[in-house]
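Given only the sequences and the hints, what does the whole structure look like? Please build it.
The lines below spell out each chain.
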Amino acid sequence: MMNTTSAPVLHAAGISKFFPGSIALDDVELTLYSGEVHALLGENGAGKSTLIKCLTGAYRRDAGMIRLDGQEIDPRGPLDSQSLGIGTVYQEVNLLPNLTVADNLFLGWQPTRHGLLDRKTMVRRAGEILSGFGLEIDPSLLLSAYPIAIQQVVAIARAVEQSGKVLILDEPTASLDRDEIDLLFSVVRQLTARGIAVVFITHFLDQVFEIADRVTVLRNGRLVGTRQMDDVTQSDIVEMMLGRHLETHLRRRDRSAPGKSLLKLKNFGKRGMIEPFDLDLHEGEVVGLAGLLGSGRTETVKVIFGVTAADQGNAELRGKPVKMANPRESIAMRFGMCPEDRKTDGIVGDLSVRENIILSLQARQGWHRPLTRTKINEIVDHYVKALDIRLASPDMPIRLLSGGNQQKALLARALATEPELLILDEPTRGIDVGAHAEIIELIEHLRAHGMALVVASSEMAELVTYSNRIIVLRDRHHVRELEGDAINTGAIVRAITQQEALA
Amino acid sequence: MISATLKRVAPQLVILAVVLLMNFAVFPGFFHIEFQNGRLFGNLIDVLNRGAPVALLSIGMTLVIATKGIDLSVGAVMAIAGAVAAAVVTGGGGWLTALLAAIAAGLLCGAWNGILVAILRVQPIVATLVLMVAGRGIAQLITEGKIMTFLNPGLIHLGAGTVAGIPTPILIWIAAGIIVTAIVRGTALGMLIESIGINETASRLAGINSRALLIAVYLISGLGAAIAGVIVAADIKGADANNAGLWMELDAILAVVIGGNSLLGGRFSIVASLIGALIIQSVNSVILLSGMPPEFNLVIKALIIIVILVIQSPRIKHTLYLLRASAGPAPRETTLHDTDPVAKESRP
Amino acid sequence: MKLRTTLLATAVLLAPFGAMAAGAQGKTVGFSQIGSESGWRAAETTVTKQQAEERGIDLKFADAQQKQENQIKALRGFIAQGVDAILLAPVVATGWDEVLEEAKDADIPVILLDRKVDAPDDLYMTAVTSDTVYEGEVAGKWLVDHEAGKDCRVVELQGTTGSSPAIDRKAGFEKAIADAPNITIVRSQTGDFTRAQGKVVMESFLKAEGAANICALYAHNDDMAVGAIQAIKEAGVKPGEDIVVVAIDAVPDMHLAMSNGEANATVELTPNMAGPAFDALEAYWTEGTMPPKWIQTESKLYTVADDNKAIYDMKKSLGY
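Residue numbers (our numbering), protein chains in the order written: chain G, 719 to 1221; chain Z, 8 to 355; chain S, 28 to 347.
Since the hints were derived computationally from the structure, they do not count as laboratory data.
Here the structure is a predicted model, which means the values were calculated and not measured.
All residues carry an ideal CB built from backbone N, CA and C; glycine is no exception.
Using C-beta positions, here's what the derived DEER-type ranges look like: (1) G:ARG1087 to Z:LEU330: 39 to 49 angstroms; (2) S:GLU236 to Z:LEU178: 25 to 35 angstroms; (3) S:GLY104 to G:GLY990: 50 to 60 angstroms; (4) Z:LYS308 to S:ASN209: 30 to 40 angstroms; (5) Z:VAL306 to G:GLY990: 52 to 62 angstroms; (6) G:THR1026 to Z:LEU257: 37 to 47 angstroms.
Stretches of chain S that chain Z covers, calculated by requiring three or more beta carbons in the stretch to come under 8 angstroms of a beta carbon on chain Z: (7) 60-68; (8) 257-264.
Chain G stretches covered by chain Z per the calculated footprint, using a threshold of three residues with CB under 8 angstroms from any CB of chain Z: (9) 1045-1053; (10) 1065-1075; (11) 1085-1099.
Right under this line is the structure:
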């Protein structure tokens, strides 16, 4: 079906996009051929949606060029790209549920007769178009009368009828059941038969193998590679997504043995979020959490820190039963946490770096016992120096810092409370290489000084570098625990995909 | 600390000065103050005195707005508090009992709002709308729909009396402003309130008890409204449930906005809101002193306030900053927070 | 003592109506009241009940709590019960045609109290209201007579801007002083009909004009006047002596102020709207005479010459 010998229908090269505080896309390339289904994969924050938004003009790209049918284009917005021939359908169907199917299909380009809306023709044409996709429904009914899958096909039909060169499907199957997915895929196959190039973004690897011809993988805003599906296995893809080689950091073999047991979790879990698991954490130990997106990494972190209280199992801190009901109580028990999403869950943007750093410590002390000016300066100076946080002044709002420095300030916030257990969720996501290395060094340093750490990361190689133990997750289960020499990226990938093979 | 505050409220002080000069322009005797009849007497005193209710409301409103909330119920809470105080003294109670009962009623209202917002997670505008509508009804039930008059000199003193020649309401709102400012800035309360207003999720993860803080700000708002309600009732020696505090929540919100505080929450300045309240009262004063027909009242007020808000808009502020910057080196200690609104806008 | 004065005053006030009690004996009348949003409204309810009792009328009372739909419901209820007549104090002016039509079809006369409605006038028997322009005129005439040619600078506290009583009471007062060049209105500002605003605005008048240059205050209602009196006192000036105070409504607190010498005159907006209404009904039932479409209530002038303390006590007992 796909025709790679001819010229590509779309070619984007050197695409870069910077946000204050992070590099979202760095020199990314994407080539689409007529009639192919091209999967675009990557963890959260890898840059998939940023890339799509740059292609459709929803974001202004900071560098790079886009060619459509050999012509350089510069779409200024989704409407513009739509008229050029690039249609997009999102997970949340962006149609109008209170209008009819036909209205939705033709909104903005309704057929007219003598300048008036020709409703009869519109309904008939809508019926024809939809039955072309194997959909026999009444287009004169309200869109909301139909299930999401049908609505999605209507959205696709609308996008394709108007443009018809490239169709981007952004996680279209996330809320569909198997039958609906089959319907969607049959529609996708009809489109490729017509020569349309389809970009398919998803987190479901088996669906990628079912429908895609080629795959492009992004990691941390950079292109990992583009492959023919026939040439790769699921393991290869997982490795591409999670990364295997981290040249600068090799696994150290000379680590000291962990100390006393700190936190014991037994049968700990939360229904609908994370299946019950056991975990035995020791002082001076790093436990890594590995797995694909949605495997339960972040959820594990959340129940341990009490962001969401566990509803089963029990926990013992130094042999005493405890409950992690909310972050405040966890911090009181000398837990510290750096969340996955820096911007929404981490920084308090308009507060100064200084205030952000002392925030947790102050909250634990209580509002009525303010830290003295001297004490605050002491703490802030110490961590700015120790973590090498680069800033013009500690009084500048934290939102103006770069991503790496924001992350360090958040680490400082947690460290200022002198935690015994530090939980890090994606501590190195979206930050520059230098800060990345520094944070990994810091993790080693803290462990060596007796702190217990739990680190969730989508960077496998990174986990391998610093973890004493690695827990591999899949489908919200803790499926495998790797220890000592058994820790390597190959073993993690096998643990992730083995289950897949069994399923 | 003091110089930082002065810097923060400089625009408000300039506006206040301009509006006061407008008063002077329409009535040359505006700045004249004399001591007569055992009390200070003059238009400036009136501005300070009549600004008391809105000033008291604006203190709590500033804190509520800093948490990204809003309290529409303060006007109705004023009516309730006034009615409660009047009911206590007409029932034979003393002025202190009346004041405490009114304050208790205000705190109860604040707790109600706080619980709806912090625990039941009702949107603040909806949560406080409930009491805004129902509260006046409650007040009317207490007064039975009439103006409940009283003659208790102690209670009347709170609204119409003087201490050392200064009208009591002036002393009350200034004291309240100082006390609350001292509490929020002398402790970590202010920073924690700002933190939950800017990013509640992050604040919760950092260990801040956002529920307790949210309830606290609505309690303070209810407390301020109760005192304002007692002052207004005492001033006319009667609790007028139909009219006491009517639409005053909007003036309080306006005072906070004129004070340069963002309705989106976060950084706040109580002093700036208090100056905002004085600005509003000075605008009212211009209208009263100008002798224009009352049909023009709202038009004049709207015009003056539009000008004030436009001057304060980020874009104009930024232009002014650029002008200043190009005229000479930018002042060194300025933080980007104050002077670079564009940086905020350019976030993705 | 107090009780006796009250009874006495009630008897004096109501005497002219009491004598007529006759043809309405045993009739049933429905009364749809707006609510009890003000003291005057409460007094109107009390007086209406008193009037009905005196005439042996069985009054069915319905409180609408400020809602028109409640009033319409009440009216339909009255029609279903087959009352002999309906008194309606309408909360709004529009939207009455249908239910008035139903009453007409059932042959039940409807009399409007206190306010009029926007409906064809064949749908109701008559409307009993005060003449708000005339009220202003009475106040103005009193001031003209009181000043007797002396120069007098008047400050005016208007009602809510744009409301019809504010417009009418202003117009009536201006009409009355038109021929008295010695009386001039020097400042006029709204006090929103409230006590608090009355006080605030009076404070500014006192400063802007200087207390010595103000001869009289005319307030569109007593509440504002009562607030203004406090402002005058706080400015160290004697209300009632240094500044003449005249207003409209005759609420108890104004009588109290007059008995203390702090106010000079007020024009009554009588709470007795039902009396003339029952009179009209009696005449209709006994002699078949149709009343005119508008019955104007008396706008009685009270001055310091009246026994204001007694009137205050009596009015208080009416529920003001």
